Amino acid sequence: MNATLEIQSLSRRFGNTAALDAVSLSIPAGQMVGIIGRSGAGKSTLLRMINRMAEPDAGRIVWGGQQVTALRGQALRDWRTGCAMIFQQFNLVQRLDVLTNVMIGRLNRRRGIAARITALLGRFPDEDRALALSALERFDLLPTALQRAETLSGGQQQRVAICRALLQQPHTILADEPIASLDPRNARTVMEALRTVNRRDDITVVVNLHHLDAAREFCGRIIGMQAGRVVFDGTPEQLTEAAAERIYGAPTTRPAHGSEPTEDAILAARWAVA
Amino acid sequence: MSADLVAAWRERVPGAFPRPRPLRVLAWAGFALWLGFALWWFEATPLRLWNGLSGFLVIIRLMIPPSPGELWLEILKGMGESLAMAFLGTLLAAILAVPLGLLGARNVVTNALFRFSLRRVLDGFRGVDQLIWALAYVRAVGLGPLAGVLAITTADIAVLAKLYAEAIENAERRQTEGIAAAGASSTLVVRFGLLPQVLPVMLGHALYFLESNTRSATILGVVGAGGIGLQIAERIRVRHWDEVAFVILLMVVTVAAMDWLSARLRRRLIGATSAG
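In the order they appear, the protein sequences are chains A and B. 4 is the number of the first residue of the first sequence in this note's numbering; add one for each residue after it. 12 is the number of the first residue of the second sequence in this note's numbering; add one for each residue after it.
Calculated from the structure, these hints are not laboratory results. Misleading hints may appear alongside valid ones.
To be verified - With beta-carbon atoms standing in for the labels, derived distance ranges:
1) B:Phe127 to A:Leu110: 45 to 55 Å
2) B:Phe28 to A:Ala78: 28 to 38 Å
3) B:Arg185 to A:Arg112: 38 to 48 Å
4) A:Arg80 to B:Ala244: 49 to 59 Å
5) A:Ile120 to B:Gln186: 42 to 52 Å
6) A:Val96 to B:Val69: 46 to 56 Å
7) B:Arg279 to A:Thr7: 46 to 56 Å
8) B:Arg185 to A:Glu153: 11 to 21 Å
The model shown is predicted, which means the values in this text are computed figures rather than measured ones. The beta carbon of each residue, even a glycine, is placed where N, CA and C say it ideally should be.
So that you can see chain B by itself, here it is in the shape it has in the complex:
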C-alpha cells in the first residue's frame, strides 16, 4: 500500500492511528522520578545490596546442616498449633462471612444506605493487617494460639465477605428468576437459585485463604500468638541457625502439603457441586 493511501486513511480515520500523547510521557517521567527518589531515600545502593548478600551467605553457611536440636518435640507441637490456628481461623471467617456477604450484595439487599455502611465497616476491618490484630488480641486474651485464631478470623471475615458479595452479585439473574417464578419465598430463592451458583466460588475462596493462612499462621507466633513462629523467633534470637533452617524446611513441607491437599479438595468439591 502506497504512502499516499496511508495518508488518505490517516485523514479519514485519525483515531485509528497513534498520536503523540504528552500526558502519557509526563506520567512516565513522573513514575521514573518517583522510583529514583524512593531508591535514593532508602539508600538502595548496589554496594549495600552486595554487602547484605555476604551477610546473608554467612547465615546460610551456619544453617548447614539443618538440625532439629534437642527441643524437636516443641517444634512439632508449634507446627501443629500453627496448622490448627489456620484451620480454625479460616473456618470461622468463612462461615461468619456468608451472612455478611449476603447482606453486602446488591442483588440481595436493596437498601443502599445499609449496604453502603456495612461495606465501609468491612473496609475498615480490611485496612488493619493480621499482625496488628494479633498484637491487639495478645493483649486482650493473653499469649497463645487463641489470639492467633481470633486475629486470622477478624482479618479474613472482611475480605471474604467482600469476595462472597462480589460472587453473589455476579450470579446469573435468570436462574434466581426461575425459582421466584415458581412461587418460592425469597429465602428459598437464595437457597435454590443463588447458593448452587455461588457455593463453589465461596468454597474456592475459603480454600485459598486456608492455604495462605497456613503460611501467615507460621509468623503470628513472632508477636506471641502461638504456633511455630514463636519457636523460630526464639531460635533466631539465640542464633541457632541450624535449628532455624530445620524449622524453615518443616514450614515449606507443611505449606506445600497444605497447598496440594487444598487443590485436590477444591477440585473434588467444586466438581461435585457443579454436577449436582
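In isolation and in its complexed conformation, chain A is listed as follows:
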C-alpha cells in the first residue's frame, strides 16, 4: 500500500522546552527525506512519534485513512512492523547471532498460539531463515550470519539492522541518526544501503542526520528543524548557505575568524575527507 504520511501539527513538550512545536509535514510514498538540525531540534522525537515509540501532546499522524496516533494493540504492532526503525546505536541484541537478529523482523508475523509458542522457544521457520540469509547476502554480510552481533564492527551492525528492517517488509524505514556513531567510510556504506533500499525496494526512507553534507548527497528532499519547528523544506539545491545558517543558527562551513569551529563544521569536514 502506497499512501502519503500526513503529520498534522504534532506538538510535544518536555518540561519547559518544546521538543516539537506544531510540526506539519506531508511525506509521499517513495521519497528519501533527510531531516537535519542540531541535536535537540526535535528530529528524534518526531521520528519516534511516527513509529509510536513516543506520544504527542497534540496533533495527529494519518496514513492511508488510518489514524496512526490512535492505534492500539495488534494494529499498533502492525504499524510498527510497517515503518521499520533504525537506531543510532543499532539496537541489536549483542548476544544473539546475526541471523537471529535479522529474523526478529519476522516476529510480528507469528499469529496463533502454536506459532507464538514456537517463537518463545526461539525457533524460526526455514522460510524466515532463507529470507534472512538472502537479505544478509545483499549487504555482503553472509559470512557473519552465525556470529554473535557483538563481534561485528559498527558499520556491519548497522547494516544488520537494515536487514532486520527489510525482513519486516516495511513501507517506510525511519532511521534515527544511523551514521552518527560510524567512521566516514562505514557511514558512506550505510547511507548507500539506505539509498538502495529506497530506490530498489521502493521503501520510503526518512533519515535524521546530524550534519547536512550527507543529507545533500543522499536525500531528494531535505527538512530542516530548529527548536521543534520546521524551518526549511526543499530540495538540496534550495538549501543555500543562508538557509543552512538558519537551521543551525551559525555558519556551517567557514567559522568566523578567531572563533572555535562548530561541532557540525568539524563533522562536515570529516565527511568531505571520506
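Following the hints, complete the assembly by docking chain B onto the known chain A.
Relative to chain A, chain B alone:
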C-alpha cells in the same frame, strides 16, 4: 519465498538451519529420568503432599490469633540480638574480605601460584555452610551471640572475597594506567585508580549480605548461637504456635525494614561515590 529457494539456502549455509541433535535429546531424556528417580526415591507422591497440607493447615489454625505471650520482652531482646549479630558479622566479613579480595585479584597480584592457593583456601571455607560454622563455634566459644557473629563472618569472608576479587578484575585498566602514568606508586594506583571503581560494587555486595544475614541470623539461634532463633525453637518445642506466629511476623517486619533501609543506603552511597 519458494520451497526451492529455501532448499537452495539450506544447501549453501547448512549451519543456519536447525539440525536434529541426538545428543541433546539424550541429555533431556537423562534429565527426565533423573527427575523421576528423585521423586520416587523421596516418595514425593501427591497423596503425601495432600496429607502434609492438612497437617500444615492445623498448625496455621493454631497460629491464629498470633500472641506475644508473657515473655515478649525476651522475644524483642532476641530480635535485637539477631540484628546485632547480622550487623557485626557482616561488617567484620566485609572489612576482612577487602585485603583478601585484593590478594585474589589477577590484576593486583601477579604471582599465579599464590593466588591459586589463596583462592582454593577460600573455596574450602565457602564449601562449609553458616550453620555448620555456628555449631562449631558454639562448641568453641560457648552458647550465645558471639558464636553467631563468628559463624556469619567466617562463612561470608570467603564469598565476599571472591566477589570483591571479581569486581577488581573487572575494573577498567585504562583508569589505573592513567594513575601509574602520572608516576604514582602501586599502592597509590590501587587507592586512586582501583578503589573509586570497585568501592561502590563492594558496598553493594556488603549491603546485600547484610540483608541476607538478617534473615539467616534469625535461624542461627536454633543451634544455640543466640538471637531470635532460640526463642522460636523453644516455642515450637512446646507447641505454642500462637507465639511462634508472633515471632514469625516480627521477623518478616524486621527483614522488610532492613531490606528497605539497605536499598536506600545503597542508592545514596553508590550515587555519591560515583559522582565524587
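Now the hints, each set against the structure:
no.: 1; hint: B:Phe127 to A:Leu110: 45 to 55 Å; in the structure: 47 Å, holds
no.: 2; hint: B:Phe28 to A:Ala78: 28 to 38 Å; in the structure: 33 Å, holds
no.: 3; hint: B:Arg185 to A:Arg112: 38 to 48 Å; in the structure: 45 Å, holds
no.: 4; hint: A:Arg80 to B:Ala244: 49 to 59 Å; in the structure: 56 Å, holds
no.: 5; hint: A:Ile120 to B:Gln186: 42 to 52 Å; in the structure: 47 Å, holds
no.: 6; hint: A:Val96 to B:Val69: 46 to 56 Å; in the structure: 51 Å, holds
no.: 7; hint: B:Arg279 to A:Thr7: 46 to 56 Å; in the structure: 53 Å, holds
no.: 8; hint: B:Arg185 to A:Glu153: 11 to 21 Å; in the structure: 20 Å, holds
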